[in-house]
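Protein chains in written order, with the numbering used here: chain X, 4 to 272; chain P, 4 to 272; chain R, 4 to 272.
Zero decoy hints are in this set.
Interface residues of chain X toward chain R, partial, derived using beta-carbon atoms under 8 Å: (1) Val-22; (2) Val-26; (3) Pro-32; (4) Pro-74.
DSSO-like cross-link-like pairs, simulated, lysine-lysine; straight-line CA separation at most 30 Å: (5) X:Lys-259 - X:Lys-223; (6) P:Lys-121 - X:Lys-223; (7) R:Lys-223 - X:Lys-121; (8) R:Lys-223 - R:Lys-259.
No lab work stands behind these hints, which were simulated from the structure alone.
Note that this is a predicted model, so its numbers are computed, not measured.
Here a beta-carbon is modelled for each residue, glycine too, at the ideal position from N, C-alpha and C.
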Amino acid sequence: MPYITLSTDFGTRQGSQAVLHGVIYQIAPEAVITDLTHEIAAQDIREANFVVDSNAFFFPPGTIHVIVVDPGVGTDRRAIAARIGEHYFVAPDNGVLSACLARAAREGWPTEFVDLDKPQYWLPNLTNTFHGRDLFAPVGAHLASGVPLSAMGTPCDDPLTIPLWGAVRREDGRVEGEVIYIDDFGNAICSILPDEIAHLPLPDGVEVELCGAAIEGMVKTFGDSEYGTDTLIALWDSSGYLLVSENNGTGGKVIKPRPGDPVVVRRLN
Amino acid sequence: MPYITLSTDFGTRQGSQAVLHGVIYQIAPEAVITDLTHEIAAQDIREANFVVDSNAFFFPPGTIHVIVVDPGVGTDRRAIAARIGEHYFVAPDNGVLSACLARAAREGWPTEFVDLDKPQYWLPNLTNTFHGRDLFAPVGAHLASGVPLSAMGTPCDDPLTIPLWGAVRREDGRVEGEVIYIDDFGNAICSILPDEIAHLPLPDGVEVELCGAAIEGMVKTFGDSEYGTDTLIALWDSSGYLLVSENNGTGGKVIKPRPGDPVVVRRLN
Amino acid sequence: MPYITLSTDFGTRQGSQAVLHGVIYQIAPEAVITDLTHEIAAQDIREANFVVDSNAFFFPPGTIHVIVVDPGVGTDRRAIAARIGEHYFVAPDNGVLSACLARAAREGWPTEFVDLDKPQYWLPNLTNTFHGRDLFAPVGAHLASGVPLSAMGTPCDDPLTIPLWGAVRREDGRVEGEVIYIDDFGNAICSILPDEIAHLPLPDGVEVELCGAAIEGMVKTFGDSEYGTDTLIALWDSSGYLLVSENNGTGGKVIKPRPGDPVVVRRLN
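For reference, chain X alone in the conformation it holds in the complex (with noise of 0.2 Å):
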């Protein structure tokens, strides 16, 4: 079964988002599609890194994710498909496969990228406004329907990278990083890694600071926290990465964190 997952920031109230799925059905009959995210803030390609690499790899190999942030559109900026080990995308190329290209790098996974050039995978008629419909849907399901990643472009080999959330800062017995995204429970997903703070005394030993709150120790999961309190927790989310929660993950309460804000971990004395 040859599956596609769609992100954007269309939303789903004007059909934008459907309109794909015809048109991938027009070239691919058999694909089945998943709506991954149609809710990425217009034109936020940090935001749509988050949330496609926290969520593309649970697909099967072999998926193709097309990806249509594009502020962009129109312009000259190239549209480009790539392989990143099992998994295909089809994107413009203006950084939104710059977490899923780091992930590469740490797992040390092949990629393979081609400008997209040959408009004989695109809708007769290219849109400037749409090539979410007119190029990108397109293109993914031709690559659905077997046509081969190399057919469709030239191969590249420089896909536009951009700085993501800010590289972590480690002093003695202090880790820095930044708050990533904000759930729809309220809780602030935080660049900061298992392995970044292994050397810290976890989970007791160490005081997460966020917003001017200070939280001690690290819990397991959400129960942990009284619910209907306001106490603020930390512990490692799904995605893998550091999570600061307020009761019983319904957030958003007591602290008002945003996306850049600066967390901070830090050993108890």
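Starting from the structure of chain X, add chains P and R where the hints point.
Below, chains P and R without anything else, positioned relative to chain X:
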């Protein structure tokens, strides 16, 4: 075709609902997945009961319903799978199946339960914060791929049930229930079923009282009220329950009912 | 593969959109269902016209489009099914197909209609408040499973059509239309098509006026305005209509257009 539905409180912004699709396709490539809802209010087990029970049984026999409203994730709450009539359910054992079980009791359907204690049917790395992805979706997918319910865990017969919407109170010529759910049009769905007021002189000889407003008689459908006015009407909802609505089904302007508010149907003098 | 799209004003919170999937799978187990939109404004037949017409015809020939925006549910309004060109539509007969029928007239496509009066193709219990579930989804599914349109009801040739966005008025060097729809980025889609202003000196010799703002010339794409500024631009939208946008397609800050607002394109002196 193995049909699977997903009901969660994840929202659809972060991709957490989509990652369940990816995990399911890895295990059951032919599964046909429907997002029943991902907009249950955060951790609202009562609301999940209403939404799942109102819709699940319209799916084909054999459908597997995965429900992840899970405030106790990572604690020692059990995970269970159930057969209720001809449908399967996979969920935390926190009362989220109470309405479906009440329906099974009313209808005389057989039920069967297992305590999900066989990690070979989960993802290899069980996080503490996302059993939807790591446990419930994989178990649902294994059911879809043909693994029998009984292989997935130890039989049990004591699933947790919780009190739901208030039992209807009947006095002479007066029946009292409560608001269960406010729908997207602002209509109030109330805990009164046709049988419970069949002894009253319907449709014209009754008065329905909610939030201080009194509505004389019951009507057949939304179009029986004048559009653009604020007329309140009482009618039978498609879920089987009493519904109180304003302005041709676009309510919420005159009265502001909330779940738990009392509603009374009484004989007119 | 029998493709079905669903367009409703149900939202996605209550599961009412998902129950249509369940009902369809009972009748047409192989159906491939796309949620075109469930976020039509409540009972907004005009908005449904725009969204369905803009997207439906990108699906494969033979696709069945079920539309449920139905303020008259349970009254004596007719339910109809239609063939428009190579696509099928199932909907209340309330004008929701007007834009698709106008397109058919422009394109010279054949049309065919039936009055859905054969209850054997509905669910056994027709409620008065949810014909989406009880009538329109079953009829769509029977079409998908191979029942011919003509078997489903009595032929008719008088589907209700309603006036849509104002006819474009042309005077010497001046064309007036109106705003049809505000998209999720805040852009205003206007009722002016390329043919209607082809006699004007495009792209640079015209001025577009909307909500008191005057925009000189038309541009090619969003990226032709400077990002982060509040520059207004006019361009051709991917739906074929004139679009007025701000700030690289993230509008709504300088002017606040609303459906029905007049828009004028005039020759510059």
